[in-house]
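Residue numbers (this note's numbering), protein chains in the order written: chain A, 358 to 737; chain B, 950 to 1702.
Hint data in this document are derived by calculation from the structure and do not stem from the laboratory. One or more of the hints may lead you astray.
[To be verified] Here are the simulated PhoX-like pairs of lysine-lysine, each with C-alpha atoms no more than 25 Å apart in a straight line: (1) K396(A) / K969(B); (2) K592(A) / K1022(B); (3) K396(A) / K991(B); (4) K969(B) / K580(A).
Since the structure is predicted, the reported quantities are computational estimates derived from the model, not experimental observations.
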Amino acid sequence: MKKKSSLYMDYSMLIVVVLLLCFGLIMVYSASSYEASIKFNDSTYYLRSQLRATVLGIAVMILVSRLDYHIWKKLAVVAYLGAAFLIMLVITPLGMEINGARRWINVGVSLQPAEAAKLAVIVFCAAKICVIQKSLRKLKGIIIWMGPGIVLAGMIYVITKNMSSAIILLGITAIMIFVASPRYLPYVIVTLLVVGGVFGVIYVVSHGLVPESLSTFRIGRIKAWLNPEADASGKGYQTLQALYSIGSGGVLGKGLGQSTQKLGYVPEAQNDMIFSIICEELGLIGALAVIVMFTILIWRFLIVANTAPDLFGSLLVVGVMAHISLQVVLNIAVVTNTIPNTGVTLPFISFGGTSIVFLMTEIGIALNVSRAKPSQVQIY
Amino acid sequence: MVLFAFVLAAFVLLFYRLYKINEQNGDAYKRQVLSQQQATSKTLPYRRGDIVDRKGSRLAYSEKVYNLVIDSKQMHEDDDEHYELTLKALEDYFPELDIDSVREYSTKHPSSRYRVVLKKLDYNKKDEFEKIMDTSVSMNNADGETVSVKPSGVWFEEDYKRKYPYNSLGCDVVGFVLGNNTGFYGLEQYYNDTLNGINGREYGYMNDDAVMEDAIQEAQDGNTIVTTLDTNIQSIAEKHIKLFYEKYNNAYREGLAAKNVGVIIMNPNNGEIYAMAGYPVFDLNDPEKFDPLELAEYVGSSTSENSISANALMIEKAENGEEQPNPEANTDSGTVSGDTVSGNAENKMDPITKAKNQIWRNFCISDAFEPGSVMKPFTVAGAIDAGKITGEETYDCPGYLTVGGHAIHCHNRLGDGMLTVQQGLAKSCNVVLMNIAFAMGKEDWLRYNRTFNFGLKTNIDLYGEANAAELTFDESMGQTDLAVASFGQGFNVTMIQMAAGFSALINGGYYYRPHVVSRIENSKGAVVQEVESKPVKQVISESTSQKMRDMLRTVVMSDPSECTGWSARPAGYTEGGKTGTAETYPRGNGNYIVSFMGYIPADNPQVVCYVVIDRPNAQYQSESTRMATVLNKDIMTEVLPYLNIFPTEELTEDEAAELQEKQGEFFIGSDGVSTNSVSEDVADGTSASEDAIVINPTESTVSYDSAGNVVSENKISYDPETGYPLDPATGEVLDPNTLQPINGNSSFMSDVN
């Protein structure tokens, strides 16, 4: 078999990622300049922070894309334990509280362990599944090997109260096992159970059947989701403001930089809610462009995963694909109030240094897999 | 592949969701977004458009001014020293400001961020006060330390104030603005929506360069209207009206020189109004300010016989902040004959309000009156155009004609004998005209009456044109009606109807809608709308019009003993026209409206001037027609050179001398403002030429006519209307045969038994 040129990698993927990063920088500046000028008296505060992370992320990506991905097989256990360790650090004095949520640790720079955990789970699952693929033919094996993901997700949920990251971790694990497993039935059953459960919860909440004693933060969010106008100044505020942004943008939008909702109305405008500002400024057209970019990116992941030289490489890319797909879908779903509000960032676009660096690491891995010589690997 | 399909499906669903949000709630959310901005937004006022004259001089414009706003919250943000310092600065710099009320308000509403306490300050005041705001003052604080503090919590917001640089010039035509850019009367009201723009909004925030960032919906400034008015012609007309009043006030009886004087100067070939003036004038910059004596004059008269249209009540309502006046509401109450129109509306008004409205209204379009002999050319033109007479007929005038049991007299009760149609016009013979009307018949007379637009509004683009529908005759008119209608009695017209109709009569037969606005421009100067000067209809044929010009020329250009209008002619020009002397209702009271309608040059009319004097202050008002002709002459003498219409006739020595004299007096200053000032000696300087009217008995003995056309043998002068001699001692009109005084108060109609 002819060896590929060492210069080859999936340039389509690279270009899409770079475009998304540039677009992200522009939108972060647009969405954050007002808040930054008020809070820090410097409209470029968020932009510069994001720019530093982006530059670092690109450097990391180049480095990782040159690193043979098989090395991650050896690092899998270390990465998994390391992520768990980082999560534990949050409850130590190293932990940082931002906006009332204790999710960060301060190691010179602020770092969100949940983002590291996502990478760790991808690497760990890929490595383990290569070893135990045969056991996934049985339901018992599937359930057992969900374990590592569940543990890490549990830690994140309990320690950092970050449900969205926990859900994404579980999602990544489930998807990676799913593609490695020839069985569909357990997934269909689980999916039906989850959907049934969700509708059950919705029914219970929407009919006011929840006892007062059980009314928690989550229940409140579900109520706000079902009827954001009912609590427009409270729990439904962020959702409603995001909807106002989307609705007021129209087809063509108000024009780049012309959002009025970012002027202190949409909380986290540069962060979780950046997609609503995109809709307001660039309209449905802009939103469609973003969605198409992500579609291309995910499609490239699929191609790379299908042509990877071995199962491990393929699974790594599937993990990355699962991660990014989940975040994009969940983010847009939250912004459009399709699901209850939970803090998920839009990959490459939302403000967040840790997220950018780890995402770029994942892209580096995927690019490295794309450089390896192709062969057919059986994934489902 | 399955995974990718799921993701793709999710994307499609989410995009569909985005689309639905936009489709279902897009508008509502857009409104929501705008409404929640209000906390941090402010209104950007639009600028009301200018009103400019035909040469571009601004008759009205809006100037940026500043409202003083206090921000209680900010005032209280620092310590009490700050607060007191701010109040003291306000008190020192704005003596007109009631500082106690500011203190009370800011104490009672400490969280208020916006309250306008002073309005319409000019830029200098704002600038100076802002400097004070910026100056630190050292003072001791509560702890005895010396600190430097600045006033705070006061800022200025932009607004606009309407300005009329020519003050009272063209006040009736321009109209004024009250309150929140609401126009009243004239162009300001008629074009209110055109002149007004749309307020903008600013959703502002300061970026780090202290520059207002984005989200500005600019105000849309109003359109400018370019009028056909000419500031200079308007000021010439107003100046001469003013001179007229100064001269004849208290001339015969205590009181004003006339109840009203109206002058319209227009271009007969396209309907453009050059000037439209009435009396009295008021300052558009302060329409509520009147000369108390003048107001008293109108208060006195308005209670008894003055006419008030419903517009008056509208204004009163608007001033009280009630509904916006609806122009249509006014239309059915056109003044009839300057006499009382009864109605509940004006009964509710106090006399002062009535008087104010009397002053504000535009006599030239809002008041209706019997036109008198100026109507005669219309009757003749109709008869010729209908083929009922050729214009070559002769009629015998015995001084009266008996119609339906009434003897309807001529001004010359003794009769003029055989007269041609032309002579009938030149001598203003009622009998000739009655005969012509009978030859025409009721149907044709009515048809031409309508054709010349009587009974219809001219639709001039000014607020408050009287509704003419009820003013003229309809099919029910009888023989006596037709007889008196032939010389302009028994029905009503407005000045603008007459001027527009007369223009058509002499310009070849083309009726143009009289108009004041020729062009509408947006705030950037681009033309939004051009008013085309196209004839609305042809009312008579070119040849009829030519015949009329030939006849009307003789009204002015004949020997003074042969015509009534000779004194209207400005030296050096040919002029055509017609005098009018109409008796008002009730008949027999000696009250007349005298008028003159003239056009120059006689063979190729370029300008029409219509002068109407309502009840001149004279012993014998019926003999005062010359007041109108002379006013016409004085105005035209100045206007013609300005319009680049040059003299064609040779001047006699007397004319040259008189012209020279007048040039010294009239042509003072080239701009409209300075010509409004009146030199005291003008009245005396021109009096020699007026004495033939014999208004003032003390001067009447030297009644030479300085126009020079009359050689006054035996020091007897002649009455311009009738050509009869005047008594040098008393100024009464004498019967040419008996030389006995004729009763000037006799009505044209008397019962014969």
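Structure-based check of each hint:
Proximity of K396(A) to K969(B) is assessed by CA-CA distance (about 35 Å); at most 25 Å being required, the pair is judged violated. At most 25 Å may separate the alpha-carbon atoms for a hinted pair to count; K592(A) and K1022(B) exceed this at roughly 30 Å. Of the supplied pair hints, the one linking K396(A) and K991(B) holds, its CA atoms being roughly 23 Å apart against a limit of 25 Å. The suggested pairing of K969(B) with K580(A) holds, with an alpha-carbon distance near 21 Å, which does not exceed 25 Å.
Hint violations for this structure: numbers 1, 2, all remaining hints satisfied.
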